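Colleague: Chains as they are written, first to last, in the working numbering: chain A, 1 to 525; chain B, 1 to 525.
Just so you know, the hints here were simulated from the structure itself, not pulled from any lab data. Nothing here was measured: the structure is a model prediction, and the numbers come from that model. Please note that the accuracy of each hint is not assured.
Identical copies look the same in the list; a pair holds intra-copy or inter-copy alike.
Using 27 Å as the maximum straight-line C-alpha spacing, the simulated DSS-like pairs for lysine-lysine come out as follows [unchecked claim]:
1) 256 - 521
2) 345 - 436
3) 345 - 256
4) 256 - 444
5) 345 - 361
6) 444 - 361
7) 115 - 521
8) 115 - 345
9) 12 - 436
10) 22 - 115
11) 11 - 404
12) 521 - 12
13) 11 - 22
Below are the chains, spelled out letter by letter.
Protein chains: 2
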Amino acid sequence: MHITGQMLIGKKAVFGLAGNIKATDPSTNQEIEPVFGYATSTEVEQACGLAEQAFDTYRNTTLEQRARFLEAIAAGILDLGPALIERAAQETGLPVARLEGERGRTVNQLRLFAKVVRDGHWLAATIDAALPDRAPSRPDLRLQKIALGPVAVFGASNFPLAFSVAGGDTASALAAGCPVVVKAHNAHLGTSELVGRVIQRAVADYNLPEGVFSMLIGAGSQVGQQLVSHPAIKAVGFTGSRTGGLALVHTASQRKEPIPVYAEMSSINPVFLLEHALVTQGEQLARNFIDSLTLGAGQFCTNPGLVIAIESEASQAFLHQAAQALEDKHASTMLTPGIHQAYVKGSSRLADIAGLRLAGKGQAAGSPCAAQAMLSVCSGSTFLNTPALQEEIFGPSSIAILCKDFTEVLQVAASLEGQLTATVHATSEDHAQARKLLPVLERKAGRILFNGFPTGVEVAHAMVHGGPFPATSDSRTTSVGATAIERFLRPVCYQGIPAALLPTALQDDNPWQVTRMIDGKLTPA
Amino acid sequence: MHITGQMLIGKKAVFGLAGNIKATDPSTNQEIEPVFGYATSTEVEQACGLAEQAFDTYRNTTLEQRARFLEAIAAGILDLGPALIERAAQETGLPVARLEGERGRTVNQLRLFAKVVRDGHWLAATIDAALPDRAPSRPDLRLQKIALGPVAVFGASNFPLAFSVAGGDTASALAAGCPVVVKAHNAHLGTSELVGRVIQRAVADYNLPEGVFSMLIGAGSQVGQQLVSHPAIKAVGFTGSRTGGLALVHTASQRKEPIPVYAEMSSINPVFLLEHALVTQGEQLARNFIDSLTLGAGQFCTNPGLVIAIESEASQAFLHQAAQALEDKHASTMLTPGIHQAYVKGSSRLADIAGLRLAGKGQAAGSPCAAQAMLSVCSGSTFLNTPALQEEIFGPSSIAILCKDFTEVLQVAASLEGQLTATVHATSEDHAQARKLLPVLERKAGRILFNGFPTGVEVAHAMVHGGPFPATSDSRTTSVGATAIERFLRPVCYQGIPAALLPTALQDDNPWQVTRMIDGKLTPA
Numbered sequence: 001m002h003i004t005g006q007m008l009i010g011k012k013a014v015f016g017l018a019g020n021i022k023a024t025d026p027s028t029n030q031e032i033e034p035v036f037g038y039a040t041s042t043e044v045e046q047a048c049g050l051a052e053q054a055f056d057t058y059r060n061t062t063l064e065q066r067a068r069f070l071e072a073i074a075a076g077i078l079d080l081g082p083a084l085i086e087r088a089a090q091e092t093g094l095p096v097a098r099l100e101g102e103r104g105r106t107v108n109q110l111r112l113f114a115k116v117v118r119d120g121h122w123l124a125a126t127i128d129a130a131l132p133d134r135a136p137s138r139p140d141l142r143l144q145k146i147a148l149g150p151v152a153v154f155g156a157s158n159f160p161l162a163f164s165v166a167g168g169d170t171a172s173a174l175a176a177g178c179p180v181v182v183k184a185h186n187a188h189l190g191t192s193e194l195v196g197r198v199i200q201r202a203v204a205d206y207n208l209p210e211g212v213f214s215m216l217i218g219a220g221s222q223v224g225q226q227l228v229s230h231p232a233i234k235a236v237g238f239t240g241s242r243t244g245g246l247a248l249v250h251t252a253s254q255r256k257e258p259i260p261v262y263a264e265m266s267s268i269n270p271v272f273l274l275e276h277a278l279v280t281q282g283e284q285l286a287r288n289f290i291d292s293l294t295l296g297a298g299q300f301c302t303n304p305g306l307v308i309a310i311e312s313e314a315s316q317a318f319l320h321q322a323a324q325a326l327e328d329k330h331a332s333t334m335l336t337p338g339i340h341q342a343y344v345k346g347s348s349r350l351a352d353i354a355g356l357r358l359a360g361k362g363q364a365a366g367s368p369c370a371a372q373a374m375l376s377v378c379s380g381s382t383f384l385n386t387p388a389l390q391e392e393i394f395g396p397s398s399i400a401i402l403c404k405d406f407t408e409v410l411q412v413a414a415s416l417e418g419q420l421t422a423t424v425h426a427t428s429e430d431h432a433q434a435r436k437l438l439p440v441l442e443r444k445a446g447r448i449l450f451n452g453f454p455t456g457v458e459v460a461h462a463m464v465h466g467g468p469f470p471a472t473s474d475s476r477t478t479s480v481g482a483t484a485i486e487r488f489l490r491p492v493c494y495q496g497i498p499a500a501l502l503p504t505a506l507q508d509d510n511p512w513q514v515t516r517m518i519d520g521k522l523t524p525a
Numbered sequence: 001m002h003i004t005g006q007m008l009i010g011k012k013a014v015f016g017l018a019g020n021i022k023a024t025d026p027s028t029n030q031e032i033e034p035v036f037g038y039a040t041s042t043e044v045e046q047a048c049g050l051a052e053q054a055f056d057t058y059r060n061t062t063l064e065q066r067a068r069f070l071e072a073i074a075a076g077i078l079d080l081g082p083a084l085i086e087r088a089a090q091e092t093g094l095p096v097a098r099l100e101g102e103r104g105r106t107v108n109q110l111r112l113f114a115k116v117v118r119d120g121h122w123l124a125a126t127i128d129a130a131l132p133d134r135a136p137s138r139p140d141l142r143l144q145k146i147a148l149g150p151v152a153v154f155g156a157s158n159f160p161l162a163f164s165v166a167g168g169d170t171a172s173a174l175a176a177g178c179p180v181v182v183k184a185h186n187a188h189l190g191t192s193e194l195v196g197r198v199i200q201r202a203v204a205d206y207n208l209p210e211g212v213f214s215m216l217i218g219a220g221s222q223v224g225q226q227l228v229s230h231p232a233i234k235a236v237g238f239t240g241s242r243t244g245g246l247a248l249v250h251t252a253s254q255r256k257e258p259i260p261v262y263a264e265m266s267s268i269n270p271v272f273l274l275e276h277a278l279v280t281q282g283e284q285l286a287r288n289f290i291d292s293l294t295l296g297a298g299q300f301c302t303n304p305g306l307v308i309a310i311e312s313e314a315s316q317a318f319l320h321q322a323a324q325a326l327e328d329k330h331a332s333t334m335l336t337p338g339i340h341q342a343y344v345k346g347s348s349r350l351a352d353i354a355g356l357r358l359a360g361k362g363q364a365a366g367s368p369c370a371a372q373a374m375l376s377v378c379s380g381s382t383f384l385n386t387p388a389l390q391e392e393i394f395g396p397s398s399i400a401i402l403c404k405d406f407t408e409v410l411q412v413a414a415s416l417e418g419q420l421t422a423t424v425h426a427t428s429e430d431h432a433q434a435r436k437l438l439p440v441l442e443r444k445a446g447r448i449l450f451n452g453f454p455t456g457v458e459v460a461h462a463m464v465h466g467g468p469f470p471a472t473s474d475s476r477t478t479s480v481g482a483t484a485i486e487r488f489l490r491p492v493c494y495q496g497i498p499a500a501l502l503p504t505a506l507q508d509d510n511p512w513q514v515t516r517m518i519d520g521k522l523t524p525a
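The following block holds chain A by itself, in its conformation from the complex (with noise of 0.2 Å):
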């Protein structure tokens, strides 16, 4: 497929004419070809039309309808063979292995969904029968979820195909039942083109209305603003920046009808390492941590930016042994030549900052994006007088936390803000103390994981990739996992309504034959 610098718009391909753009190989910060158009506000102003248009008939498509069009997306992006891979590895410097796997989550991901939308529990179909011999009588009450409306996405930097133009948002918007506006981020527009070309073709070949799916390119500051302020749009996915998601909340909020906005921000991760688990295991824990400090070049929303222990000969051993192990890892190729500006400048601040010093560091970098890992160390003192602290460092660089005793561990995780994740180490001899320590990461974190590390975010049913603010701005959902698929919806309670009128989950007869909740018990079909 032939990558011509064009947004799409319904059915159509159109050139932006409001400014022009390259993608940028990070690894020689050279330009790529071709030329990429930037959207004038009637362009944003015709996607968010025939989104709006779309949306009745798109909602009301059957099960296996929508169901059919995801997993066409995702055979449509299996379909673009290397070609894909390719563009995505000179747009993003990130490896080809990684980007394989990454596509296979992407397809994965529209898959889980296409299941998610046939199960049906999503409905949440629900009937309370009619008792007219009650006093007051009850009528007959029927509740199901509906799509909220057309869903604006902002394609993630760090995740080219499983954030991006088909991922986990516009896949569970999708799912849900939203016509998608997604605005292309501009460090992977080759990338975004391609794959936006296979939602395109799957709308048309699944005879859905052209609105079902744009794609618009341009600055978040304008294209990403217009399209959160625009009636149509009535909810918004975004992965990226703290600065980046408070400025769609802020615009969302000032609406004349505010929407809500799904963004996830940033997080640090905190790594708790009991004392136990240090003496027994402190080694392997020192490597497993800086493999998943580097992994990627350390760009994981997941990346574990905190590691806590009590100050003790194992922590100090573990400190030794990950820095040592620090020192063999190649300075990798971070995604653009922005985001590796911030962490030059993010992680030299550190330098600045009284009572934290460098305790090791990854090779040198060798070419114009490539990112020197680092690890420092201060007191538990230290980093609970020192906000900038948990500042998200986006990028290989940890901070590792010497507590003098377990009340100070307790003190340093209950001053943390809200995480997608915090981890324990622990061996059962350390479990009377992650006893202690549960309570606070639940009410800090969305997901909670024990002897493991953060990075790798499973696509499941039970997956949260979430959590209290600033690690998102609604810690109520999650963006990956199967329930993600709820942030797009809401309750509509059906009384009195005439059988013939009935929507089809809520038909006495079920033809959907999903599960519902019925007098208050759940009835499978």
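Chain B: place on chain A using the hints.
Modeller: What follows is chain B alone, placed relative to chain A:
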């Protein structure tokens, strides 16, 4: 039980020293004893601090403990006997029979949430088994929902029992495991104290931490704002005016950690009368409509403030019959002098609107806060061109819109702001039109009802008392019915947690016997 004028802060009763207020009997505009004291900022701080301290213990009570606690509150309210009803009648001007019914609803609501808690479906317990042999291996993943944190609840003026101190927001928050700090509504402070003391005693009787419940007294602009700003508070439940609701939404969004606000604010609850229904049942519809409009002096969130029909002989007859039925309606006492003044102002403003005329009115007021009911009428085009006609007039005032054809009916429907309810009267001959109207109404309202009137909100599993902005500040939820508990929960994923440390609902042997989603399948205990 003696009414003292004190607030309830944890296990203490405290007379607030920041100001004084007495309740008013709206039927006479006379003050009622005793004097109530307003909270100082220290007292707000104390209530929030106690709630924070109580949170971990309370959220970790067993399902059975929490269910019994809710049932004890229900029993305690009944034990108050006639004293509660008498005080509420005096403070609100509502008839005794209505208040007895409301007490029944309040008690049933607490008992429903006790059932909901025991059932455990709200935990959304989910287990994805580890797949150690997959490459890469999948860890054991388990999800449950946990309580958000302490909740601020604002009592509503129009439901002194069912949406006040022990009302729907309090019941659902306590069910979710959240401590509650109530700001009592100044319109029924004695009623609030009586009910508040019941909850306070139940907290003590069940050996719960005292901070599980506090009740403060003060101005919304002071105590209310301070409460919503407090870092310990993690969500807000509110029923009241759009101005009041939006002020809380604004404050909550400006916090260092923004929190969700569930504000149920305003709705004019359109009722569509389709032609055949009008022709065959017009007279009965007219009587029922006027009964619904004037019920409780029109002081229901679901009061039918708009009636839409096609201009025809049948709709003219309906209008005439409605005007006649209205003539017989006594002016009923409204809840407070302030609400009555707002009604007089709002309904008299209608006289200035070009194209709108008075169609009929109820009997003139005979006491200070009594509201004269009124029905106005205008054309479809007047409505479409006059946004002010969408503003709620809280009380027994409604506007009939006579459209030139069904296309204009659809235009009126599409022009509506978000609503709590939308009603359609239709016979089977009207179904073709109803089918066109339904998708429009689905996008406008939280509850769609046929051949009934929207006043009367059943507390059931399938109820939705919510809807798109500005009906509420969050269309994804309901404030009435079993699923109201979901407002105060967020999901947490537990990855690879040792069996000994797993939350009860996620342990392999399922000690609470809750239905769980296991490997993508709903699995009863």
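Colleague: Indicate, hint by hint, whether the structure satisfies it.
Modeller: We went through each hint and held it up to the structure:
1. Within a single copy, residue 256 and residue 521 get their C-alpha atoms no closer than 40 Å, and across copies no closer than 41 Å, so neither meets the 27 Å cut-off.
2. Within a single copy, residue 345 and residue 436 get their C-alpha atoms no closer than 37 Å, and across copies no closer than 58 Å, so neither meets the 27 Å cut-off.
3. In this homomeric assembly, residue 345 and residue 256 come within 27 Å of each other (Cα to Cα) only across copies, at 25 Å, whereas the closest approach inside a single copy is 39 Å.
4. In the homo-oligomer, the alpha carbons of residue 256 and residue 444 lie at most 27 Å apart only across protomers (15 Å), although the nearest pairing inside one protomer, at 33 Å, exceeds that limit.
5. Within a single copy, residue 345 and residue 361 get their C-alpha atoms as close as 16 Å, which meets the 27 Å cut-off; across copies the closest is 71 Å, which misses it.
6. For a Cα distance limit of 27 Å, the shortest separation of residue 444 from residue 361 qualifies neither inside one copy, at 29 Å, nor across copies, at 57 Å.
7. Taking the closest pair of Cα atoms, residue 115 and residue 521 come within 27 Å of each other both inside a single copy (23 Å) and across two copies (11 Å).
8. In this assembly of identical chains, residue 115 and residue 345 lie within 27 Å of each other by CA distance neither inside one copy nor across copies; the values are 44 Å within and 55 Å between.
9. In this assembly of identical chains, the alpha carbons of residue 12 and residue 436 never lie at most 27 Å apart, being 58 Å within a copy and 30 Å across copies at closest.
10. Taking the shortest Cα distances, residue 22 and residue 115 never come within 27 Å of each other, neither inside one copy (38 Å) nor across copies (60 Å).
11. With identical chains, the CA atoms of residue 11 and residue 404 are never at most 27 Å apart, being 63 Å at best within one copy and 37 Å at best between copies.
12. Taking the shortest alpha-carbon separations for residue 521 and residue 12, neither the intra-copy value of 48 Å nor the inter-copy value of 41 Å comes in at or below 27 Å.
13. Taking identical chains as interchangeable, the C-alpha atoms of residue 11 and residue 22 lie at most 27 Å apart only when both belong to the same chain, with a minimum of 24 Å there against 66 Å between chains.
Comparing the model with each numbered hint stated earlier shows that hints 1, 2, 6, 8, 9, 10, 11 and 12 do not hold.
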